[in-house]
Amino acid sequence: MSYDLAIVGAGPAGMAAAIEATALGLSVTVLDEQAAPGGQVFRAVESASGDPALAGEFLDAGGALTASFRGVTTIAYRPSSTLWHLAPDTGALSVKAGGASSELAARRVLLATGAQERPVPIPGWTLPGVMSAGAAQILLKTAGAVPQGAVVIAGQGPLCWLLAVQLLRAGVGPLTLLETGAGGALWDAFRAGGLWTGRRLLGKGVALVREAKRRGLQVVRGVRDLRAEGDAHVQAVHWHGGSLPCDTLLLHEGVIPSTHITRALGLDHDWDARQLCWRPRLDPWGATSHPNVAVAGDGGGIGGWEAAVASGRLAAIDAAHRLGKLDAAARDARAAAPRISLRSALSLRPFLDRLYAPAPTVLAPADDTIVCRCEEITGGQIREAARLGATGPNQVKAFLRAGMGPCQGRMCGTVVAGLIAEIRGASMEEVGALRPRAPFKPMTVGELAREPQDAAA
Amino acid sequence: MFRRRPEARPAPRDRLVDVYVAGAVVRVPEGASAAAAVLLSGAPAIRTTPVSGAPRLPYCMIGICFDCLAEIDGVANRQACLVPVAPGMRIEPQQGPRAARPHHNAPEAA
Ligand SMILES: Cc1cc2nc3c(=O)[nH]c(=O)nc-3n(C[C@H](O)[C@H](O)[C@H](O)COP(=O)(O)OP(=O)(O)OC[C@H]3O[C@@H](n4cnc5c(N)ncnc54)[C@H](O)[C@@H]3O)c2cc1C
Ligand code: FES
Chain S
1 MSYDLAIVGA GPAGMAAAIE ATALGLSVTV LDEQAAPGGQ VFRAVESASG
51 DPALAGEFLD AGGALTASFR GVTTIAYRPS STLWHLAPDT GALSVKAGGA
101 SSELAARRVL LATGAQERPV PIPGWTLPGV MSAGAAQILL KTAGAVPQGA
151 VVIAGQGPLC WLLAVQLLRA GVGPLTLLET GAGGALWDAF RAGGLWTGRR
201 LLGKGVALVR EAKRRGLQVV RGVRDLRAEG DAHVQAVHWH GGSLPCDTLL
251 LHEGVIPSTH ITRALGLDHD WDARQLCWRP RLDPWGATSH PNVAVAGDGG
301 GIGGWEAAVA SGRLAAIDAA HRLGKLDAAA RDARAAAPRI SLRSALSLRP
351 FLDRLYAPAP TVLAPADDTI VCRCEEITGG QIREAARLGA TGPNQVKAFL
401 RAGMGPCQGR MCGTVVAGLI AEIRGASMEE VGALRPRAPF KPMTVGELAR
451 EPQDAAA
Chain X
1 MFRRRPEARP APRDRLVDVY VAGAVVRVPE GASAAAAVLL SGAPAIRTTP
51 VSGAPRLPYC MIGICFDCLA EIDGVANRQA CLVPVAPGMR IEPQQGPRAA
101 RPHHNAPEAA
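Listed in order, the protein sequences are those of chains S and X. Residue 379 in my numbering sits at position 379 of the first sequence; the count goes up by one each step and never skips. Residue 72 in my numbering sits at position 72 of the second sequence; the count goes up by one each step and never skips.
Just chain X, with the same shape it has in the complex (with noise of 0.2 Å):
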């Protein structure tokens, strides 16, 4: 679970945004993600494997590895650590093969 540092980064300078992780608020600097959020609200896990249903956190934090895959505002998979939180977004963890496959939804690019 990681903590913020309001001594380091005190209000107002760093402003911050509510958003609801699996319905928790959780109070999250301007300019971070969704992984971010998900991190700071102390969740056990933002999806569950499709495979063996494994629960599963970020891992890289800059949109390599998609462990983040989230609901985010009622959007399935979309890659946390790449979506910048907004006053009152919601992000739902994803179970299982709810988690689908993406790129099998989306046509192939000319």
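So that you can see chain S by itself, here it is in the shape it has in the complex (with noise of 0.2 Å):
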């Protein structure tokens, strides 16, 4: 099958981009890895809908634009299938569905993968009972499923408190939340701006923290050295000057873009200093630099749901016009509504990352923490490494095989290079990042077997 577009991934960027392109007469596939539209932000939400754990905007607003998306009805989605390789000169897709792989084509590649959230290496936290916040939020959206016992949420970041709500509401208890942010950052955070036209926003985090207070969150703040401990599974979470007993512990310190593809894809990327993680290099459209592929939401740089509407819209209509369907007037006219309100997502960035800044030693911990979780490395294997000359994390993966595990260095990519970035006092850039190779996800021999001859059927 032939596309003008091909959409990879129904998160809100994804949704949206789909909903504006098909408006302006391109023809569009969506193809996403989940069996139901949302991305990570709305996962489940059509069949979440009757849980009051999670009212408010996941029910809302995520319910409103996937009702719009399903109701578009020319966009050919495809639920359930996993991209697992781009040529992106050709525009043909490698698509995994139903245990077989097949092949589109597109005029116009739209990568709409999203986010994951920033690894949080710390003794102890390959644990079971040690997990994300976000699986936990994931397990509560998908199954309607809590954790039972003491609970301990550690780290920082908005969804810290989302999910402490939603689990309060949910019945969990007793929930803790241990704050990692550093004292003083609220300061250093207003002085970064925007809290005007980022009141709403900011309205929606202050509702957050007084609900969680009022349904009975303790609240440790200036946490540093956390520490999981237990014997085969969690069993408390100590820090500088403190311990809990927990059966589960939620590690957070944000969410960080999903650049596994497009670094597979060789595009340029920059190493974004202050949400500390790279991006790939976008256009204010969303073009990558490869000329027939761009990005948008949470994968070209975290701004949030909203934000990841708004980009999407604008990589379509800039989609539309690089296919003959707009004048350069036309698209910046119809461009911008999305990018007033772009902006108005964006404006709480700069205040949020400032409070929000992950300590150094997420970035680069302790010498007895494992940081290659598939491989088991800790952090003093890969100072040594460095020490021993690897200059990247390239060099890192011939040495140590940090990185070549099933998951590819999504987990322990940017830590690695952090260490080395240490060892040798030298720049992320300098550093650079591990360069990942299709295909993207595991295949098995069946998988590919199964393909299809005719691929362009």
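In short, the hints are calculated from the structure, not lab data. All values reported here derive from a predicted model rather than from experimental measurement. The beta carbon of each residue, even a glycine, is placed where N, CA and C say it ideally should be. Don't take each hint at face value.
Covered stretches of chain X (in silico footprint by chain S; criterion: 3 or more residues with CB under 8 Å from a CB of chain S, positions within the stretch not fixed) [said to hold, decoys possible]:
no.	stretch
1	18-27
2	31-43
3	49-55
Pairwise CB distance ranges (calculated) [claimed, not checked]:
no.	chain 1	residue 1	chain 2	residue 2	range
4	X	Arg-90	S	Leu-186	14 to 24 Å
5	S	Gly-171	X	Gly-42	17 to 27 Å
6	S	Ala-232	X	Glu-7	24 to 34 Å
7	S	Glu-57	X	Arg-15	25 to 35 Å
8	S	Val-220	X	Gln-95	47 to 57 Å
Fit chain to chain and form the complex, with the hints in mind.
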């Protein structure tokens, strides 16, 4: 099958882009690994609709966006379909679905593959019972499930507060938030500005904090040196000056763009020193360094779902222009509204980025901490490799296998680079990023063998 | 260990599916993943690591960490957090070296 525009990801960015591009006369397909639209933020919103713990933005905004997306029946939506290879020059997408692989062709490709949570390497984070905060939220959204017993959320960022409220509404307890923010960060953050333009978003945050406290959330501030302990399962969390027994420990230090595919394609990336992550280099329309490929949503830099919607629309408008459906004047006129909402959605970012800047140990953890979960390689081993001459994550991979396991460095890549930068006194740009290769996701022999012969059928 | 909240998500709105985790039957809402089934089952681990044999349970639930690799319906090394449950599905924990490194089996794509 051949389309004007193939969109990878049915989160807010991908859904908004698909709606806009279809309205502008493009033929559009949207593929997503998940069985239903929504992305990470609105994951399973259609089936979760009666759950009181998820009331608010998730059900309201998420439900409305997903319904509009479903309403445009001319979009060729392919759920449960994973992009595992992309040839940008020819626009050939290799997709695995239902145990087989097939090919699609598109004149332009929009990657709206979103973000991942920043890995939080602390001693003991590989123990069963320790997981990311987003993982617990996915369980609530997709299964209505909550952790039993004593639960601790450790880290920082808006998602910690949102999850705390959702878990408390769902009857979880006792629940404690160990906030890792540095003292004084608030004043620094105030100076970053954006508070007036961002007052609506700030109000949302304040309301969450109030509800969490009203529902009995225990909060410990200024936490550092986190450590999970237990024998085959987490039993306690320790930090500088305290400890708590717990059955589930949920870690969170913000989200970072998922750059696995964009890096594998060899697109230009920049190190974002404010958000401490790699991001693909984009123009104001989301166009990348490859003429046929664009990126929208959190995959291009963290902005949250409202920014993802706006950037998805902008990328769709640009696609329509490039494919001859809109002249430059019409493109610019159509872009005015999403540009305003993008600016408003991003207004609070400088404040949030300063307020929730992760501690240096998140990027360069102590020697005894496992950094590469797949191959069980510690911070100390990576520092040693850097001292012995490994200048970047690709060399460390050759020395130690870090980044060679099944996750292909999705978890350890940035931390490995952070450790090398520390030892060699180099910048993240000098150290560079892992260069992953296709397949983006592991393929079984069966999936490859069952590739249909008539690829463009 | 995780629990469902039938009070908030009553049947029949939430349809339930029976699957097997290490042979034990677990009731899971339709649309949830095999990794969710493991966490609801209370199984102590979904796999042990090839290097040290340490137990693991799913960490990210969105396909990033690969700590949920399990044998599902006889196929090893599947990312359980990306596989929706189906009636009668069999999810088996993977032990040590059996948790092979799938990338190295896959031919390099063109
Ligand atoms: C676990 C998690 C939970 C979050 N929860 C919240 C929240 O509650 N509130 C909030 O404001 N923000 C939340 N965020 C932040 C979130 O990044 C943004 O709010 C928003 O989801 C970004 O939208 P997006 O469209 O850019 O990407 P996403 O919503 O992440 O959508 C990306 C989509 O791409 C699909 N995809 C990725 N790779 C492939 C592939 N190779 N093939 C096919 N499909 C693929 C994914 O399945 C996903 O559906 C969360 C982030 C994470 C990682
Ligand atoms: S739990 Fe992380 S990949 Fe499945």
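Would you say the stretch 31-43 of chain X counts as covered by chain S, given the rule of at least 3 residues with C-beta under 8 Å? holds (count 6)
How about the stretch 49-55 of chain X: do at least three of its residues have a C-beta closer than 8 Å to a C-beta of chain S? holds (count 5)
Taking the beta carbons of Ala-232 (chain S) and Glu-7 (chain X), is their distance inside 24 to 34 Å? holds, 31 Å
Count the residues of the stretch 18-27 of chain X with a beta-carbon closer than 8 Å to any beta-carbon of chain S: does the count reach three? violated (count 0)
Outcome for the supplied range 47 to 57 Å, where the beta carbon pair is Val-220 (chain S) and Gln-95 (chain X): 38 Å Cβ-Cβ, so the 47 to 57 Å window is violated.
Is 17 to 27 Å respected by the C-beta to C-beta distance linking Gly-171 (chain S) and Gly-42 (chain X)? holds, 18 Å
Consistency of beta-carbon spacing, Arg-15 (chain X) to Glu-57 (chain S), with hint 25 to 35 Å: holds, 26 Å
For the pair Arg-90 (chain X) and Leu-186 (chain S), does the Cβ-Cβ distance stay inside 14 to 24 Å? violated, 51 Å
Checked against the numbered hints given earlier, the structure breaks hints 1, 4 and 8 and satisfies all the rest.
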